[in-house]
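Engineer: Chain residues, written in single-letter form:
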Amino acid sequence: MVQENALRIGKPFAQIDGDILRPLESFPTKTWWIAFLISASALAVFVGVLIYSFFKGLGIFGINNPVGWGFYIINFVFWVGIGHAGTLISAILYLFRQKWRTSINRASEAMTIFAVMTAAVFPLIHVGRPWFVYWIFPYPNERGPVWVNFRSPLLWDVFAISTYFIISLVFWYMGLVPDFATMRDRLDGFQAKTKIGQILLDIRRFVLRVISLGWVGSAKTWHHYEKMALILSALATPLVLSVHTIVSFDFATSLIPGWHATIFPPYFVAGAIYSGFAMVLTLMIIMRQAFKMEAYITIKHLENMGLVILVTGMMVSFAYTMEFIMAAYSGSHNEQYVFLNRLKGPYAWAFWIMFFCNVISPHFMWFKKLRTNIKVLFVISIVVNVGMWFERFVIVVTSLHRDYLPSSWDMYIPTIYDYAMLIGSFGLFFTMFLLFVRAFPSIAIAEVKADEAGYEMAKH
Amino acid sequence: MPKKKTYKQIWRSAEEKLYPALSQNEMWRDGREFSYSIEDLIAQGLDQELSRKKFFQLMGASITMATVSCVKAPVEKIVPYVERPLEHIPGEAIYYATARVTSDGVYPILVKTREGKPIKIEGHRDHPLFRGAIRADTIATIWDLYDPDRLKNPLARGEQQQWKEMKMTELLPKVRELLQGNVRILGRTLFSPSEKRARQELAQKVRARLITYDSIGNILEAISGEEASYGQAIIPRYRIAEAELIFALENDFLGTWLAPELFTKEFSQKRNPDGKMNRLIVAESHLTLTGSNADTRLALNAGSHLTLGLALANLLLPSSPLARNTQLKNFLAPYTVDLAAQVTGVNAEKIQKLAEELGQYKGRSLVLCGGGSVKGKEAGASQIVANLLNTLLNNEGKTILAKNPYKEENDLSPEKELLALRDELMAGKVDVLLIDRANPAYELSALGMAEAIAKAKTVIYMGYHHNDTAVLSHYIIPVSHYLESWSDGLCLGYYSVAQPAIRPLFDTLGAGDIILKLAGIERSFADYVKDTARKYIKGDFATGFVRLLSEGYTLAESGSERPRTFRVESLRLVDAPKTPQEGFRLMLYPTVALGDGQGANNAFRQELPDPISKMTWDNYVAVSVKDARRNRWRMGDVLRLDNGRTSIEAPVFVQPGLREGTMAIALGYGQKHIGAIGSGVGKNGYALALPTEKGLQFYAIPITVEKTGKKHKLATTQKHYELATERGLVRIARLQEYRQNPRVGHEHEEVPHPGPDGKSKAKGLYKEHSYGPYRWSLNIDLTKCTGCSACVVSCYSENNIPVVGKDDVLVGREMSWLRIDRYYSYLSEQAEKEDPDMVNPEVFFQPVMCQHCENAPCENVCPVGATGHSEDGLNYMSYNRCIGTRYCQNNCPYKVRRFNFFEYWEGKIRDPQQLALNPDVTVRSRGVIEKCSFCQQRISEKRQQAKLEGRMLKDGELKTACQEACPADAITFGNINDEGSQIAAKWRETRTYTILSQLKTEPAVSYQVKIKNEEV
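These protein sequences, in sequence, are chains R and W. When you line the first sequence up against the working numbering, it's residues 1 to 460, in that order. When you line the second sequence up against the working numbering, it's residues 1 to 1016, in that order.
These aren't lab readings, by the way, just hints derived from the structure by calculation. A few of these clues could be false.
[To be verified] If you only want the chain R side, here are some residues facing chain W, beta carbon under 8 Å, derived: (1) G57; (2) N64; (3) G68; (4) G128; (5) W135; (6) V148; (7) N304; (8) S408.
[To be verified] With a cut-off of at most 16 Å between alpha-carbon atoms, the simulated EDC-like pairs for lysine to aspartate or glutamate come out as follows: (9) K11/R - E294/R; (10) K449/R - D19/R; (11) K455/W - D431/W; (12) K196/W - D431/W; (13) K56/R - E903/W; (14) K56/R - D431/W.
Beta carbons: idealized from backbone N, C-alpha and C, even for Gly.
Next comes chain R alone, as it looks inside the complex (with noise of 0.2 Å):
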């Protein structure tokens, strides 16, 4: 069969392990280090800048009267998209039996967290006095009690989100487990040669054991395992979906022109897709760059994603054709001018490099030459996810700068701390990446392991 020979890793099942988790065992390269002190400075960035904007107030960015909702919102919106391929890897093509997930799904979940962790700080500190944010949070309390409003999508969000997050972390940590004991088993290979060695080791012989939830790798474990993993899948599917429909919501049921369309929740689902794919791409190209694993990420893995992409852009195309049609096709002003606006207005620049990085691009993923060529998806996966920021951007502020009364009409002008909250949040998704490949297996063993040995028996 042609899947098996080019998913087929064919190395002892000990090599594999020492490949996985070398990053792990031994002492970071440089080029780690490099990029971890970038990352690190980015979130000293975006700490330094959340504590200025927390003593200042939010007048310090470029949000206005018409434009309440600036890049705050829209990397909200983005991270929360790029939080959409982990679990769609896993549990989604779990359940259609894609084998070839095997190699990516774990960072791409690592990826899910991180960037839903990221996403969600947003929401948290834009709000105007965000020492009272937790009344976003339906508890019991003395003030009444208050209750919160459970007409508004913004609280639909803190449920969807944090839901998302919490099973995320769960499929996540449980797909972990048998890769745990692995390592925990490994470690009685290490012999310390100083006292503080001896005592590391031992804490981290302790911590696997404890995480490791004593596993023993039984048939019975694995069966106990398989039957959990496919629970979670299926409960984790629905969720791929409604996460973005309901941050969609937060547009869609509101009633500016550029936001009321019922076209959001499919067309953001698949914008999310759109953009987790692109990044897992991005990221996977470097780790197996990084870290020598092309054994492992083969080209296969990634000309499937790139096929994702293709696809998902296409949907996305759909989409943006369809807003423009159905504004063309209601017959209302307001709705008329809002897309006008968007190909001519001051902010069409945002529109067409939206169009050309989301529209255009994946196109090229048409050609075999182009989505097995390396360079090439790394160049799509980038340019797609700035194609994606600048979808929200476009979403957000074109809509708001000039809505219904012309006579309110303004322009949004980042500042510099707008920028500086953008960049620190990717300093904030890949520290804890970078922490991530260094603390955890990137690549799940087990699955990788047990799909090997179906490969061998096939061969039989």
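Starting from the structure of chain R, add chain W where the hints point.
Structural biologist: Using the frame of chain R, we list chain W on its own:
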């Protein structure tokens, strides 16, 4: 069931419970709460062998006590009433009737005070003429009272030129001694008879010459013209309400001329499309508030209004009583229609038509001309032309009355005296110059007054601010705000007393008292006011004066009703151009917000958007669209304007409504010194006034213009973008159309889809609101609204709305709860095609505040439920609950919600500004959304009052701040659950519409289609 015992008894300790007989003191040792006096303890210690440890304990404690508790508590007067005045209930507002007396007129007002502090200025509702009319500038004076940059102490210049603070009691005698030798007093024209008397007495006592002037020339122009035409130096009473046709020739009577609030009141009274509607024709070169409210507006070339006036007179002459006057005939002969068309730029047919129309309204029309922006070489020329036209139209004695005039006498010095003073000063002949509440160094900068003043040996300045003139002086005497001092005013047949509503906040004194003290008169100025009042009080003076104080005004009739006769000779002062202008001509004009610039150090004035340009915190050169297009000038490009003597650099603002070659710049800006707020804002327009041998020319100043290449950021609250097409917001119709079709304006209304059966009402997802006995609603009649902006300032004052400053307005963060949207449009496509240079667009004003929608889009989206719908129809906002997601702000289609991007009050407010805050309204903190509340505090106040009296609120009993301020009576507010209320009637009228009704937000605010009295 056994009766439940109520636990009335409470106790704090077991002893208290066990030995209730013991009084609290007895429980403690020695019957004192603090038993240990240090002496006691030492005595005790000596008895009980004071240990070393105990000694140190005691010493430590005594030192602490000595330093802490024995310091005298700082005196903080936090409770104004130690002994409460008998009739006063804390928490209830007291209103004082008083008047604001300026050099432009007397404006009756009510001062709302709470716990002894004035917090708001309202119009005098019971004044027979003003009937509550007030203008933006007057409402803003409350912040002048609490201006932290006001002069707080008398100042004297020391040897090293540094300022030394003094006490009023020290400075006044010192200054009095100085008033010797060649003394000159320079001041403004006055409307206060008592102040006038005191000032004359001072001048006599110190043998000083008194020179008075008028900064923008409103009074000068009018009174000189009247004096020349009729030989009687009065400004007559203009009965705008009686005029069916008003022709304003380069006159801004609705914006900045004399008493715009009164004129607006009278004008709007006849602005009724269902009854007899008046007609306003405006011919002007710069787009003013009056011009933007015109039914027909003719844009003139700058400086051509006299020619137009004379050409109209020429056309009207044959059918007039003066038809046989050959002198007049000869004088007018050269001013033919064709010449006028050539000079003014207005189509000859239109001039002809205008003359015909004026001819039809003989005795029922009113021609107004003059004002600050037409002060020419020869003061009064414009007024003479107006007088001529009014005479030809037989309006004298009908719409214009000499009885009960606006100003009774001319106390202005001829302008040549001003020039003489300057020369004297320059020659060093003046020993002492006393400047009374004027700012000549700034206002007369074109005359070189600043340099001249610097030459005087001693300059004594009395005024409110450390302004451009004060910095040149040697002694500064701070004058109290008008709410702190006595004054009076005589205007339009009413004598008003301005009484203090608060004791002076600083070491200041009322102007009258200062003048009397300088003159060495040992009487208080209040006595002078009483002396004057004696003339007008009939019967017992004591009771009469108390009545005068409580009412604020009394009748003071003067003059005769007899029509005056026009002196044709006066026309020789009129020098109307006979050739068209060439090059650029500059108009200088006062703005609605800042006037002549005295109140420039008031952030609320600075941030009040100009009604037409919506500009804040700046003035600019208004240029015509054609000039801008040709020269590629964009908003913010800095131009250098040179009148041949001085030049200034000012940013461009492209203003529709101007003819090619016409430019205009606002006065009142560009003061170098006045305070932290006003200093250095904008450019000084006065500097460009053209000095002639007779005085200053304020209009049609020939200038050369040069682009500097620099850019200046202009902060408008409403930007100019490409023309937005009809969105159902701007609804204007002509009277004729309205009479034929009362539902005019509703044609293109988008309505929600009626459903397949054509009947089903679109239903919301959530259940409908239920209402109690009240449901508040507001209506704005756009036919009446002139865009004067009094409502905006009133709203700021009532609701503690912060100003944000230029930087934040630039970003678009102004906080106004009520804004006036201004749109330009055309009534027909043809009109638009005919006017590619936007010389005569329609100007449309639409005040927009929170619409209190029934299906409010903001209410749904708030995650914490900080905004909701009350059972009396208000869309309320609870600031305490708001966490500031700004989702409501985004989702509001009217964009009326405002976010506190920074902390605007706490820590920002400068003492004593906090006193101006309305104690009934929460001061919002950083991070919350705020918006119009329909003046909830006013509703609550009146509703509680009604509840106590066991009745429902009566219609009209309750007024919102905007409604109460509106001089045009354009705003109606009330309970729509009451079928008989005015507001319910408004909703039934065909002109009523709501904006964005297609969204089904169902606003509680409705508008009425603007009707223009213009033929199709």
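Engineer: Against each hint, give a clear statement of whether it holds in the structure.
Structural biologist: Checked hints:
Annotation: G57/R was flagged as interfacial toward chain W, and the flag holds, the nearest CB pair being 4 Å apart, inside 8 Å. Using the Cβ-Cβ criterion of 8 Å, the hint placing N64/R at the interface with chain W is satisfied: the shortest such distance is roughly 4 Å. Restraint check, G68/R versus chain W: the minimum CB separation of about 4 Å is within 8 Å; hint holds. With its C-beta approaching chain W no nearer than about 2 Å, G128/R sits inside the 8 Å limit, and its interface hint holds.
The interface hint given for W135/R is met, as the beta carbon of that residue sits about 5 Å from the closest beta carbon of chain W, less than 8 Å. With a least beta-carbon distance of about 6 Å to chain W, the hint placing V148/R at the interface is held under the 8 Å criterion. With a cut of 8 Å, the hint placing N304/R at the interface with chain W is violated, because the nearest CB-to-CB distance is about 39 Å. Given the 8 Å rule on beta carbons, the hint for S408/R holds: about 4 Å separates it from the nearest Cβ of chain W.
For the suggested pair K11/R and E294/R, the alpha carbons sit about 13 Å apart, so the restraint of at most 16 Å is met. Simply put, K449/R and D19/R have alpha-carbon atoms about 12 Å apart, close enough for the 16 Å limit, and the pair holds. Distance hint between K455/W and D431/W is fulfilled; the C-alpha atoms sit about 9 Å from each other, no more than 16 Å. For the hint pairing K196/W with D431/W, the CA-to-CA distance comes to about 23 Å; that exceeds 16 Å, so the pair is violated.
For the suggested pair K56/R and E903/W, the alpha carbons sit about 8 Å apart, so the restraint of at most 16 Å is met. Note on K56/R and D431/W: the hinted pairing is violated, with a Cα-Cα distance of about 54 Å set against a maximum of 16 Å.
Hints 7, 12, 14, counting from the list given before, are not met by this structure.
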